[in-house]
Amino acid sequence: MSPRLTVRKTYKAYIGDAFVRSESGRTDPAHDHQGALVANVPRCSRKDVRDAVKAAVAAFPGWAGRTAYNRGQILYRAAEAVESRGDEFVAAAVRVRGLKEKAARAEVEAAVDTLVHYAGWTDKIGAVLGGVNPVAAPYLSFSVPEPTGVIGVVCPPEADLLGTVAAIAPPLAAGNVVVALLSERWPTAGLDLGEALGVSDVPKGVVALLSGRTAELAPALAAHRGVDGLLDASGDADLRGELGRLGAETISRVRHVAPAALAAAETRLSLSRIEPWTELKTAWHPVGA
Amino acid sequence: MRTMVPVDRVGIEERAAALGKRSIKADAKRQGIRLATSMIDLTTLEGKDTPGKVRALCHKAARPAATLPDLPPCAAVCVYPTLVPVAREALRGTPVQVAAVATGFPSGLTSLAVKLDETRETVAAGAQEIDMVITREAFLRGDDARVAYEIEAVKEACGPAHLKVILETAELGSYDHVRHATTLAMEAGADFVKTSTGKASQGATPGVVLVMLEAVRDYVQRTGRVVGVKAAGGVGTTKQALHQLVLVRETLGDEWLRPDRFRIGASSLLGDLLLQYAKTETGRYGRPGDFPKE
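In the order they appear, the protein sequences are chains A and B. For the first sequence, the tail end lands on 289 under my numbering, and the numbers increase by one without skipping. For the second sequence, the tail end lands on 294 under my numbering, and the numbers increase by one without skipping.
With the rest of the complex left out, here is chain A (with noise of 0.2 Å):
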């Protein structure tokens, strides 16, 4: 019998619950901490960037529009859908990254954490960040916290699951959708990221995950009207001027976090990462004399 002939992956973008090639066709290898070629990798393009805002934006109405509780469902739902995979996505951080095992699976297990840490925050923002407001008149004054829409997320160059996870799970508990822009490193979990929200309830457009050149995609993202804010986990000074121009004329709000801070436990599970990306609203309502 002749040896098997080793299957070399091709990945794909997962923009609007489809699993697509690049637009313009373009793909890069991805190698392992040695060098070796892992995998064949979309290189996405602007018009990908712009596809997939196109896909979040029509889905952030049916998102947003969810009963927290529900949303929270379908987050841990996605996090039973990476806990199911834990052993594909550990032997391959051992394979690609180089990381002891031991390592590898404490990474999985925190970024499993990590979704099921925000699936339960999505039906206590609402009574942490809101409340009611005292006022001197014969009203009831209140605040609630609405999702802010479309966020942009850069995610940090060397995050493999956990910071991927890390970066985008925030802003989605709060009632967002998220476009994302892999690491350029080690892109492959996250697109493995992406097969598994794929079959897990997560709705059509919600959450887009494209691999690709971070210098090439960032500014696009940044720039689209559409995007109304952007997470920059990137930690590259030149960049993050950059987006903070682009962000300032298409009025996002931009939020830059440094990439060891979504690595931490401390400070990876926070309030203070969900609050970003929520907005205000303050209903004043009259009361009986």
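Calculated from the structure, these hints are not laboratory results. Please note: incorrect hints may appear among the correct ones.
In silico PhoX-like cross-links for lysine-lysine, where the CA-CA straight-line distance does not exceed 20 Å [unchecked claim]:
#1 B/279 x B/239
#2 B/48 x B/199
#3 B/279 x B/25
#4 A/100 x A/124
#5 B/29 x B/239
#6 A/124 x A/281
#7 A/12 x A/204
#8 B/239 x B/25
#9 A/47 x B/239
#10 B/21 x B/239
#11 B/21 x A/47
#12 B/279 x A/47
#13 A/204 x A/47
#14 A/47 x B/25
#15 B/29 x A/47
Quick caveat: nothing in here was measured; it's all calculated off a predicted structure.
Based on these hints, arrange chain B on the given structure of chain A.
For chain B alone, kept in the frame of chain A given last:
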């Protein structure tokens, strides 16, 4: 017995698809969007059309977007006959034409006398262009003489108004029939041949438009009379509109890239054209809600 020129289905679809793969960038795209905008027959043909809706559409046709003042106006506004006076009033002083669908639109299943009366009334009310439907029942039965006679009669009833003949290609069954109906309509005196009513499931597919363009090209070469083409139904995106322009340019040449020789009948296309045009102006992609769909 009817003799038809057979159409090579595979060849037509392959050529139509190949012409759609052109990459159109930057300045050419900008010009294409301007041209497509100037070729639009902005259309509303619904039972719920009101004078208010028609007026809003007319203002939009005359000035597609306040933020993009250098875009040309659309070619025409297309409405039902009873709304022609409203459109005429709203478009006074603009270059935008008033088109109306007459002759028992969309099925065409009324008697010829009724069709002629409707046409005369609509022209008298101020319509400058009449979109008539052919009687598919007669065409499919093989009664070419009747179809031709009706077109000639309506053409006469139109007087000074322009006549566009709607073939409703989706109901004709094959490219052979589309080609035959196109030639028939031109020989009966149509000023324009138009693909569809927009009410059937399929509209101006690239293949159908290419067949019609080729029939027009052959007719023009044979007779020297200029006939226009209107693609209606299913052209909803900038990409599709530019594809149509490529088909026209490659089949009939530059002289057909004018609003009086090629039209696009659409209700939702303009929004996407504006969005894309704004991108070429500002370099920023807009959100889908920036320009209203209707």
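Hint check:
{"no.": "1", "hint": "B/279 x B/239", "in the structure": "holds (14 Å)"}
{"no.": "2", "hint": "B/48 x B/199", "in the structure": "holds (15 Å)"}
{"no.": "3", "hint": "B/279 x B/25", "in the structure": "holds (12 Å)"}
{"no.": "4", "hint": "A/100 x A/124", "in the structure": "violated (37 Å)"}
{"no.": "5", "hint": "B/29 x B/239", "in the structure": "holds (10 Å)"}
{"no.": "6", "hint": "A/124 x A/281", "in the structure": "holds (16 Å)"}
{"no.": "7", "hint": "A/12 x A/204", "in the structure": "holds (16 Å)"}
{"no.": "8", "hint": "B/239 x B/25", "in the structure": "holds (11 Å)"}
{"no.": "9", "hint": "A/47 x B/239", "in the structure": "holds (13 Å)"}
{"no.": "10", "hint": "B/21 x B/239", "in the structure": "holds (10 Å)"}
{"no.": "11", "hint": "B/21 x A/47", "in the structure": "holds (16 Å)"}
{"no.": "12", "hint": "B/279 x A/47", "in the structure": "holds (12 Å)"}
{"no.": "13", "hint": "A/204 x A/47", "in the structure": "holds (19 Å)"}
{"no.": "14", "hint": "A/47 x B/25", "in the structure": "holds (13 Å)"}
{"no.": "15", "hint": "B/29 x A/47", "in the structure": "holds (15 Å)"}
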